[in-house]
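Chemist: Chains as they are written, first to last, in my numbering: chain Z, 267 to 367; chain H, 267 to 367; chain A, 267 to 367; chain D, 267 to 367.
No lab work stands behind these hints: they were computed from the structure. A couple of the hints might just be wrong.
Because identical chains share one entry, a pair is satisfied inside a single copy or across any pair of copies.
In silico SDA-like pairs for lysine to any residue, Cα to Cα no more than 20 angstroms straight-line [said to hold, decoys possible]:
(1) Lys367 x Tyr300
(2) Lys367 x Glu326
(3) Lys353 x Arg343
(4) Lys344 x Ser364
(5) Lys363 x Asp277
Just so you know, these numbers come straight off a predicted model, no measurement behind them.
4 protein chains.
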Amino acid sequence: MLAQFSIVPLDKGASVGSEVARVLQIIDNSGLPYKLNPMGTVVEGSWDEVMELIRTCHYETVTGSDRVLTSITIDDRKGMQNRMEGKIASLERRLHKSLRK
Amino acid sequence: MLAQFSIVPLDKGASVGSEVARVLQIIDNSGLPYKLNPMGTVVEGSWDEVMELIRTCHYETVTGSDRVLTSITIDDRKGMQNRMEGKIASLERRLHKSLRK
Amino acid sequence: MLAQFSIVPLDKGASVGSEVARVLQIIDNSGLPYKLNPMGTVVEGSWDEVMELIRTCHYETVTGSDRVLTSITIDDRKGMQNRMEGKIASLERRLHKSLRK
Amino acid sequence: MLAQFSIVPLDKGASVGSEVARVLQIIDNSGLPYKLNPMGTVVEGSWDEVMELIRTCHYETVTGSDRVLTSITIDDRKGMQNRMEGKIASLERRLHKSLRK
Numbered sequence: 267m268l269a270q271f272s273i274v275p276l277d278k279g280a281s282v283g284s285e286v287a288r289v290l291q292i293i294d295n296s297g298l299p300y301k302l303n304p305m306g307t308v309v310e311g312s313w314d315e316v317m318e319l320i321r322t323c324h325y326e327t328v329t330g331s332d333r334v335l336t337s338i339t340i341d342d343r344k345g346m347q348n349r350m351e352g353k354i355a356s357l358e359r360r361l362h363k364s365l366r367k
Numbered sequence: 267m268l269a270q271f272s273i274v275p276l277d278k279g280a281s282v283g284s285e286v287a288r289v290l291q292i293i294d295n296s297g298l299p300y301k302l303n304p305m306g307t308v309v310e311g312s313w314d315e316v317m318e319l320i321r322t323c324h325y326e327t328v329t330g331s332d333r334v335l336t337s338i339t340i341d342d343r344k345g346m347q348n349r350m351e352g353k354i355a356s357l358e359r360r361l362h363k364s365l366r367k
Numbered sequence: 267m268l269a270q271f272s273i274v275p276l277d278k279g280a281s282v283g284s285e286v287a288r289v290l291q292i293i294d295n296s297g298l299p300y301k302l303n304p305m306g307t308v309v310e311g312s313w314d315e316v317m318e319l320i321r322t323c324h325y326e327t328v329t330g331s332d333r334v335l336t337s338i339t340i341d342d343r344k345g346m347q348n349r350m351e352g353k354i355a356s357l358e359r360r361l362h363k364s365l366r367k
Numbered sequence: 267m268l269a270q271f272s273i274v275p276l277d278k279g280a281s282v283g284s285e286v287a288r289v290l291q292i293i294d295n296s297g298l299p300y301k302l303n304p305m306g307t308v309v310e311g312s313w314d315e316v317m318e319l320i321r322t323c324h325y326e327t328v329t330g331s332d333r334v335l336t337s338i339t340i341d342d343r344k345g346m347q348n349r350m351e352g353k354i355a356s357l358e359r360r361l362h363k364s365l366r367k
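Using the sequences plus the hints, can you model the full thing?
Modeler: This is the structure we're talking about:
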């Protein structure tokens, strides 16, 4: 399945770059396929792989914060693989053009 | 922690009431505190309690559908309990009035 | 259409009750049907009614904060009215029981 | 401000590529900076620019569907520009490495 998530501490002020960087380091080390975008990170894997990663990232942020908001969106489609690349490639084929990504 | 979630199959047409009803039955049987609203369900518990419930509900829906979208939003605040009732009560005290809920 | 939304400032610390209370006062005064839940507020109206309200609430929060996160989820179904009450009532009829809400 | 959005019809079956492609064509023609990711599209602009675009995309999908779910997440930070590129570049500088995107 594909899952996008973002994790935000509420008590660190407007700049949360150092908290987000610690989470990105965990994601980058996890071995799961991922893509960072300006609003979150998309990962691909089984429910247990994905949720274990998000749990680790959430608690890394909880360690240094009194309140953390975590958002997760899952797209689980049977029989499809490598959707991280495949969904966008499929849209580009339909439109016969390259999209910004 | 508090978590709101919703689970939607994409291949069941505009009416997904029977799929949502099966999920609500699981939630109602789970023993976790919950509140249903018109856009999802809020539950309160530990990460593992909440995620085990959402996993069960997600896979109940996956059983009958080729594609399922699941959204989860978590609000994890240290040292607070019974936030299911407490957050709204606190707002009503601030505003000195009863709000629709 | 139904829309759930929540508005969170990032630079006010773990307690954002006073910011949320100001938003709730605007919603309560708007005249649109709404229901508050522990994770956000659901409103019912046309796109323009709903988005004008959310815009007003977002900018009320922006006034006092350097960074604001606003989440909106819309469920737009043709030919249905009073879904604020109707969706839950329909689920309770299917399950032949009253649900917590 | 930055906004990520996704628009999903519920009555078109598991494959919604043709509906999503029509929306992407509108976004690509809009002139607003955007980035497509596997779970949605991030755009950057003023509230009115962004919401007018999302409104157009939502109603393009409503035209052919009885039920449409639209999700929007807004990150509105004062005094920051070109955050579409800047947020990720800032994280890479912090971590002294290139991230997958």
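Chemist: State for each hint whether it applies.
Modeler: How the hints compare with the structure:
Taking the shortest alpha-carbon separations for Lys367 and Tyr300, both the intra-copy value of 14 angstroms and the inter-copy value of 8 angstroms come in at or below 20 angstroms. With identical chains, the CA atoms of Lys367 and Glu326 are never at most 20 angstroms apart, being 29 angstroms at best within one copy and 22 angstroms at best between copies. In the homo-oligomer, the alpha carbons of Lys353 and Arg343 lie at most 20 angstroms apart inside one protomer (11 angstroms), although the nearest pairing across protomers, at 26 angstroms, exceeds that limit. For the homomeric pair Lys344 and Ser364, neither the shortest alpha-carbon distance inside one copy (27 angstroms) nor that between copies (32 angstroms) is at most 20 angstroms.
When the C-alpha separation of Lys363 and Asp277 is checked against a cutoff of 20 angstroms, the pair qualifies neither within a copy, at 43 angstroms, nor between copies, at 27 angstroms.
Going through the hint list in order, the structure does not satisfy hints 2, 4 and 5.
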